[in-house]
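These protein sequence lines map, in sequence, to chains A and B. The opening residue of the first sequence carries number 1 in my numbering; numbering runs sequentially from there. The opening residue of the second sequence carries number 1001 in my numbering; numbering runs sequentially from there.
Among these hints, one or two may not hold up.
What the hints assert, rightly or not - In the DSS-like style, the derived pairs of lysine-lysine whose C-alpha atoms are separated by at most 27 Å in a straight line are:
no.: 1; chain 1: B; residue 1: 1286; chain 2: A; residue 2: 286
no.: 2; chain 1: A; residue 1: 278; chain 2: B; residue 2: 1272
no.: 3; chain 1: B; residue 1: 1272; chain 2: A; residue 2: 302
no.: 4; chain 1: A; residue 1: 272; chain 2: B; residue 2: 1302
no.: 5; chain 1: A; residue 1: 281; chain 2: B; residue 2: 1272
no.: 6; chain 1: A; residue 1: 302; chain 2: B; residue 2: 1286
no.: 7; chain 1: B; residue 1: 1301; chain 2: A; residue 2: 289
no.: 8; chain 1: B; residue 1: 1320; chain 2: B; residue 2: 1291
Honestly, the hints are just simulated from the structure, not real lab data.
There are 2 protein chains.
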Amino acid sequence: MKHSITFLFLFICFLGMAEYTIVIHGGAGTISKKTVRTETELEIRTALSDALKLGDKLLAQGELAIVVVEKVVMFLEDSPLFNAGKGAVFNHEGRQEMDACIMDGRDLSSGAVAGVTNLKNPIVGARLVKDSTRHVFLSGDRAQEFCLSKGAEYADSSYFFVQRRWDYFQKVLEQENNTKGKNDGGAAYMDEGSLKFGTVGCVVLDQSGNLAAATSTGGLTNKKYGRIGDSPVVGAGTYANNSSCAISCTGTGEYFIRGTIARDVSALMEFKGLSLDKAGKETLDKLTKMKGDGGFIGVDKKGNVIMLFNTEGMYRGYKKSSMDQPVVQLYQKE
Amino acid sequence: MKHSITFLFLFICFLGMAEYTIVIHGGAGTISKKTVRTETELEIRTALSDALKLGDKLLAQGELAIVVVEKVVMFLEDSPLFNAGKGAVFNHEGRQEMDACIMDGRDLSSGAVAGVTNLKNPIVGARLVKDSTRHVFLSGDRAQEFCLSKGAEYADSSYFFVQRRWDYFQKVLEQENNTKGKNDGGAAYMDEGSLKFGTVGCVVLDQSGNLAAATSTGGLTNKKYGRIGDSPVVGAGTYANNSSCAISCTGTGEYFIRGTIARDVSALMEFKGLSLDKAGKETLDKLTKMKGDGGFIGVDKKGNVIMLFNTEGMYRGYKKSSMDQPVVQLYQKE
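Okay, chain A solo, but in the shape it has when bound (with noise of 0.2 Å):
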């Protein structure tokens, strides 16, 4: 008897639980197995499967997608892998910039901050506009004050510091030397034999049907100028509508700016009726035709799940509520 009413209410349990599924990506670019040492490979795919099954948890205990968005991109965010948060790339200064960007499906509501440089977790920082402010976009040190003043916590420039990126950093500035007048016309110089950009973003739909999405990045190695990229832009790198899909990107950022690529996934749903997928799809082709690169991640109101990219690689993976193991992949094959 009692054994029946324990399967009755799991049963029951189990019957209560709406799908939910959730996706991420931790960059773009010249990834393949050539270019990726097996113990990093190994490291990565170990961070991909751990920010997944944070999420899956979070998720089937019934949490809002946006809530769950944030907290998985914090989990990437320190990570030293990834190119957001701890291990954020240099700037031209020689400083960690970053920018975050988190919007919520049901409301459109948004928050972003661009040029943060001691926000342990600027993704924080974005949620923390979106829910206390009037405004969306917040840049530079007031912006990181502002944070700060409400909550979000402080790292010192030491925590964010990881020696590879530093030493990447010396290397693309000793190329900027190298080529000084050829290339003083950008504003940031870029090494474009072996581009990666290690955005990290995160989307989700979820248990009630909401879907939210969140990115956040470090930028280019060597930025000058204040440069902001597609991350915090909503409608660019990050994009979230309760009636179409949720998206965050990686790439070119400025292409995914040009081009509007979040909100066109989405328009091209709502405004021609097409399919995540081919949503997705004609997007990826409009971004390639315009020579920007990278890819991006997105899931609709019924959890179908895109990865797609134009590179040899891009870090994702994702994880629905019907699976048992989440899946993790990192090149165009596999």
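Position chain B against the provided structure of chain A, taking the given hints into account.
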């Protein structure tokens, strides 16, 4: 014989001149016959008319859309009547901190600056970002340094000063102090009773069928924390695409960012096949439902014009090649 040849020459010139259209705005808000003084009204009508005449002259000479939107917005920035360039409103620190964006419908190339304080013409900075970097969006003092290094004209704070703006800033500061505690959650205190968004913008169809858009603003009086509005955000306050339309917005910027308003007008045309007029009205409805205030101007590749807003009034006007005189309007009905 001589007369016939001259006549023939003029006739060929007339045939050769393709049609063009220019549309401008100087902000939206609580603009009504009650709130605008007679002498101010005359000044504003004259300034808008002169701006249109300048654009008309350039377009008749065959200038490109991207050149015309820059020159016309420069003209509006130079006028102390509007909240852009000279006459920009004061931020919380008592500085004029300006944003601008320009976009070329031919290739979606774009440039934007946010938070510049000493560029005489922020729109020139935006153009320099578009043309002289591989970036789209630069912010703060370093953006300004870059633009100055590329030849943008410097102007001292005193150049931008307008007594009326300063007095209003003092009034807002006083109101803020009086409501302390009730309002400290918001980043910028806003005087809800007399909202005016004096942003300026210009959209153009040139003789070659190219579209371009430009927007420039001082943002909100007493804005804090490095707030960025919609004006410099591609797809929010500014958008141009030869395959659809060119749009420039003014209003409560946060809603234009969340609603990706400028891109939505264009996307409704591209993805849903709507006319500019219908796309504009559908997008304004969306803005109104979101409780966003303001409006936008637009032109499509056929030279159709929209000037839509949900506020009491919007400073606006347009001129087509086929018209003798520009149309200038301020209020809802006129």
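Taking only the CA atoms, is the gap from residue 272/A to residue 1302/B under or equal to 27 Å? Given that 27 Å is the threshold and the Cα spacing comes to 23 Å, the pair holds.
For a C-alpha distance cap of 27 Å, please report whether residue 281/A and residue 1272/B respect it. holds (18 Å)
Decide if the proposed pair is consistent with the structure: residue 1272/B and residue 302/A, CA atoms, cutoff 27 Å inclusive. holds (23 Å)
Would you check the hint for residue 1301/B and residue 289/A, treating anything up to 27 Å between C-alpha atoms as holding? holds (22 Å)
Is the hinted pair residue 302/A and residue 1286/B satisfied, with a Cα-Cα distance of at most 27 Å? Cα-Cα ~24 Å, so holds.
Sort out whether residue 1272/B lies within 27 Å of residue 278/A, counting only the CA atoms. The hint holds at about 16 Å.
So if I understand the rule, the pair passes when the alpha-carbon distance is 27 Å or less; does residue 1286/B with residue 286/A pass? At roughly 26 Å apart (the allowed maximum being 27 Å), residue 286/A and residue 1286/B satisfy the hint.
Compare the distance between the alpha carbons of residue 1320/B and residue 1291/B with 27 Å, and conclude whether the hinted pair is satisfied. violated (33 Å)
In the structure shown, a violation is registered for the earlier hint numbered 8 alone.
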